[in-house]
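Visitor: Below are the chains, spelled out letter by letter.
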Amino acid sequence: MTSIALVRRIAARPAILFEALTTSEGIASWWGPDDLPVVSAQADPRVGGHFQVRFRTRDGQEHECAGQFLEIVRPERIVMSWQWTSGGEPVERESVSRLELHLRPIETGTELTLVHAALRDEVSARSHERGWEGALDKLARKFATH
Amino acid sequence: MVNYGDQHLDRVFAALGDPTRRAILARLEREDGLSVSALAEPFAIKLPAVMKHLDVLSEAGLINRSKTGRTVTVEISTDPIRKAMNWLRRYERFWTSSLDRLATYAESKEAEARRKGK
Numbered sequence: 001m002t003s004i005a006l007v008r009r010i011a012a013r014p015a016i017l018f019e020a021l022t023t024s025e026g027i028a029s030w031w032g033p034d035d036l037p038v039v040s041a042q043a044d045p046r047v048g049g050h051f052q053v054r055f056r057t058r059d060g061q062e063h064e065c066a067g068q069f070l071e072i073v074r075p076e077r078i079v080m081s082w083q084w085t086s087g088g089e090p091v092e093r094e095s096v097s098r099l100e101l102h103l104r105p106i107e108t109g110t111e112l113t114l115v116h117a118a119l120r121d122e123v124s125a126r127s128h129e130r131g132w133e134g135a136l137d138k139l140a141r142k143f144a145t146h
Numbered sequence: 147m148v149n150y151g152d153q154h155l156d157r158v159f160a161a162l163g164d165p166t167r168r169a170i171l172a173r174l175e176r177e178d179g180l181s182v183s184a185l186a187e188p189f190a191i192k193l194p195a196v197m198k199h200l201d202v203l204s205e206a207g208l209i210n211r212s213k214t215g216r217t218v219t220v221e222i223s224t225d226p227i228r229k230a231m232n233w234l235r236r237y238e239r240f241w242t243s244s245l246d247r248l249a250t251y252a253e254s255k256e257a258e259a260r261r262k263g264k
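Going down the list, the sequences are from chains X and V.
Read in order, the letters of the first sequence are residues 1 to 146 in our numbering.
Read in order, the letters of the second sequence are residues 147 to 264 in our numbering.
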């Protein structure tokens, strides 16, 4: 639970999906929680290359996030660092998370697995080791009703 | 949305990363408002060690301690956990909705490629 994993089956071949995930044009078409156009997107999809996305949410606020491509295996796997930024500067310098995208060809297109390891690496690794996920789940269920 | 990595959240996750502390919280879920000594009873560790765990939980805001006479009672506090869960939910919403749009976009690109006979 320190990370979020989502799996999605998409009716597009891996090569096409890979483009959508890594090019500026692709990213601009889908990034962000609300159905609003992305303000700007830049991506340099090679190892060490940067990306930056600005998007608006329905509350009118603009958000910016940026990161670096850490691994690129075309068209199978993308790993990038992710941070909230403001004017290109990290909002919280230490809060870098890790985004992994895995593409697996299936008959109908591609199965995409997205993993966002959201906490600071150290805390995240330590917590996983000690296995608190189950406990947090349980507590969450309990408190969801409060 | 921006403030996801705040230190408080780190403290909550770190505090939950220990089996004894989780056991303490689980017990408080069932019987809130126990005294420190009652709370320490089932554990094979000494009272000072339990006190240390309570300090960590308290710093993370997961419990509140109050003193009545010579008895310290411990109560569970739900806010930090709710905050941690909200954080996770926010990201889940962020990606779920982004992936919906990604699927729409990639599928239209796929259809386009097929039309062009690729």
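Bear in mind the hints are in silico, worked out from the structure with no lab data behind them.
Treat the numbers as computed from the prediction; the structure is a model and nothing was measured.
Please note: incorrect hints may appear among the correct ones.
Non-contacting residues of chain V with respect to chain X, defined by C-beta distances greater than 10 Å in every case (computed) [as the list claims (entries may be wrong)]: (1) 182; (2) 183; (3) 187; (4) 211; (5) 234; (6) 252; (7) 261; (8) 262.
A few chain V residues facing chain X, derived, Cβ under 8 Å [stated by the list, open to error]: (9) 186; (10) 189; (11) 198; (12) 200; (13) 201; (14) 205; (15) 212; (16) 237; (17) 238; (18) 239; (19) 240; (20) 241; (21) 244; (22) 249; (23) 255.
Positions of the beta carbon are idealized from the N, C-alpha and C atoms, including for glycine.
Visitor: Quick one: work out the minimum CB distance from residue 262(V) to chain X and report holds if it exceeds 10 Å, violated otherwise.
Guide: holds (12 Å)
Visitor: Just double-check residue 261(V) for me: nearest Cβ-Cβ distance to chain X has to come out over 10 Å.
Guide: Since the minimum Cβ distance to chain X is about 13 Å, residue 261(V) lies beyond 10 Å and the statement holds.
Visitor: Just double-check residue 234(V) for me: nearest Cβ-Cβ distance to chain X has to come out over 10 Å.
Guide: About 6 Å separates residue 234(V) from the closest Cβ of chain X, which leaves it inside 10 Å; violated.
Visitor: Per the CB criterion, is residue 239(V) less than 8 Å away from chain X?
Guide: holds (6 Å)
Visitor: Restraint: residue 189(V) near chain X, CB-CB cut 8 Å. Satisfied or not?
Guide: violated (16 Å)
Visitor: Next item in the hint list is residue 249(V). Is there a CB on chain X closer than 8 Å to its CB?
Guide: Hint on residue 249(V): holds, closest Cβ of chain X at ~5 Å, below 8 Å.
Visitor: Is it correct that the beta-carbon of residue 183(V) has no partner in chain X closer than or equal to 10 Å?
Guide: Since the minimum Cβ distance to chain X is about 24 Å, residue 183(V) lies beyond 10 Å and the statement holds.
Visitor: Would the hint on residue 244(V) be counted as holding, given a Cβ-Cβ threshold of 8 Å to chain X?
Guide: holds (6 Å)
Visitor: Can we confirm that no CB of chain X comes within 10 Å of the CB of residue 182(V)?
Guide: holds (21 Å)
Visitor: Quick check on the hint: residue 186(V) CB to chain X CB, less than 8 Å?
Guide: At about 20 Å, which exceeds the 8 Å cut-off, the nearest Cβ of chain X leaves the hint on residue 186(V) violated.
Visitor: For the hint on residue 200(V), just tell me whether its beta-carbon gets within less than 8 Å of chain X.
Guide: This interface hint is violated because 17 Å lies over the 8 Å limit.
Visitor: Would the stated hint for residue 205(V) survive a check requiring a Cβ distance to chain X of less than 8 Å?
Guide: With a minimum Cβ separation of about 15 Å from chain X (threshold 8 Å), the hint on residue 205(V) is violated.
Checked against the numbered hints above, the structure breaks hints 5, 6, 9, 10, 11, 12, 13, 14 and 15 and satisfies the rest.
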